[in-house]
Amino acid sequence: MRVSFVELFMHCNKVFRACGVPYGCADDGAEVVTWSEFVGLEGMKVLQAEITEMRQAGMESIQLCKEENGLFRFNGNGQSAIVLGKLMADYALAMAELRKTVRIHMQNTSRSRLLAQPASYVASRGKGCLVNYKTTHGVNMWILATPEIAFPVFAEGNIVEHIMQNRLTNELGKYETANLGTDDFWLVCTTETDLITSCVRKLRQEARKGTVRMTESSQLKANWEKAFYSGAKVDQYLWDQLGKVGKKTLVEATELSRLRGAGEMAQ
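When you line the sequence shown up against the working numbering, it's residues 109 to 375, in that order.
Rather than coming from a laboratory, the hints here were simulated on the basis of the structure. Where hints are given, some of them may not hold.
[Said to hold, decoys possible] Quick list of in silico lysine to any residue cross-link-like pairs, SDA-like style, CA-CA up to 20 Å:
| # | residue 1 | residue 2 |
| --- | --- | --- |
| 1 | Lys208 | Glu256 |
| 2 | Lys174 | Asp291 |
| 3 | Lys310 | His270 |
| 4 | Lys153 | His270 |
| 5 | Lys329 | Thr244 |
| 6 | Lys153 | Leu201 |
| 7 | Lys329 | Glu150 |
| 8 | Lys352 | Lys174 |
[To be verified] Using C-beta positions, here's what the derived DEER-type ranges look like:
| # | residue 1 | residue 2 | range |
| --- | --- | --- | --- |
| 9 | Gly351 | Arg309 | 28 to 34 Å |
| 10 | Lys352 | Ser306 | 46 to 52 Å |
| 11 | Thr160 | Ser326 | 19 to 25 Å |
| 12 | Thr243 | Tyr345 | 40 to 46 Å |
| 13 | Arg321 | Thr290 | 16 to 22 Å |
| 14 | Thr243 | Ile159 | 41 to 47 Å |
| 15 | Arg110 | Glu175 | 33 to 39 Å |
| 16 | Ala202 | Cys173 | 16 to 22 Å |
| 17 | Thr243 | Arg181 | 20 to 26 Å |
| 18 | Gln215 | Ser112 | 34 to 40 Å |
Cβ coordinates follow ideal geometry from the N, Cα and C atoms, glycine included.
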């Protein structure tokens, strides 16, 4: 079946609301999933897998453990990165008003390719963004986004780590990727967008040699344009399963509720 962006957004929003996620965070989460589905990153599949990791609290559930020289360490307390990724992007953008580069390390959370949406969001605000996490197979995944690139790029492979550290450590600070686990991620927001763009060029050179595996911006863009104009082709089973969760937001009507009407004033 094919659905529009608005249809999928509303469908996913009900899921977050059913999990008790606050309105603002539910909107952000639904946008992350919908955008990811439209660019071909299987947003609905990730959402279904992480429903059990949704926590009712939003930003208030996150603990700032340490801050030093633009490095912020957070404990996500088990909250899904579908919610935390966008929250951290907003936090980084706010902090970037005071400094050139903001580095955020979020632990005790999930991680997936859906973190590309927060990276894209940061880039749309005129900043460069890096996201780094380790896959379930122990591979370091890098997501790079800049205002000059329409959509983020993904890069993985042993040489990627070497390229990123050599080109960025001196300017943006060291990332403790050697100790990166499967329940944390890095998000970096910077005004030094040319540094990230130069890394993308180098990674593309290596990809042509076959030493780096990349998912290109152009691929995500093509998926987006096709889905946006024709509707995203979604899995019927996943749609139905998420719909069952979303229905929990509905309250069975009673004679009293009919008399009072719906909405906040009906308390």
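So, going through the hints one by one against the coordinates:
| no. | hint | verdict |
| --- | --- | --- |
| 1 | Lys208 / Glu256 | holds, 18 Å |
| 2 | Lys174 / Asp291 | holds, 18 Å |
| 3 | Lys310 / His270 | holds, 11 Å |
| 4 | Lys153 / His270 | violated, 32 Å |
| 5 | Lys329 / Thr244 | violated, 26 Å |
| 6 | Lys153 / Leu201 | violated, 28 Å |
| 7 | Lys329 / Glu150 | holds, 15 Å |
| 8 | Lys352 / Lys174 | violated, 40 Å |
| 9 | Gly351 / Arg309: 28 to 34 Å | violated, 44 Å |
| 10 | Lys352 / Ser306: 46 to 52 Å | holds, 47 Å |
| 11 | Thr160 / Ser326: 19 to 25 Å | violated, 35 Å |
| 12 | Thr243 / Tyr345: 40 to 46 Å | violated, 25 Å |
| 13 | Arg321 / Thr290: 16 to 22 Å | holds, 19 Å |
| 14 | Thr243 / Ile159: 41 to 47 Å | violated, 20 Å |
| 15 | Arg110 / Glu175: 33 to 39 Å | violated, 46 Å |
| 16 | Ala202 / Cys173: 16 to 22 Å | holds, 18 Å |
| 17 | Thr243 / Arg181: 20 to 26 Å | holds, 22 Å |
| 18 | Gln215 / Ser112: 34 to 40 Å | holds, 37 Å |
Checked against the numbered hints given earlier, this structure breaks hints 4, 5, 6, 8, 9, 11, 12, 14, 15; the rest are met.
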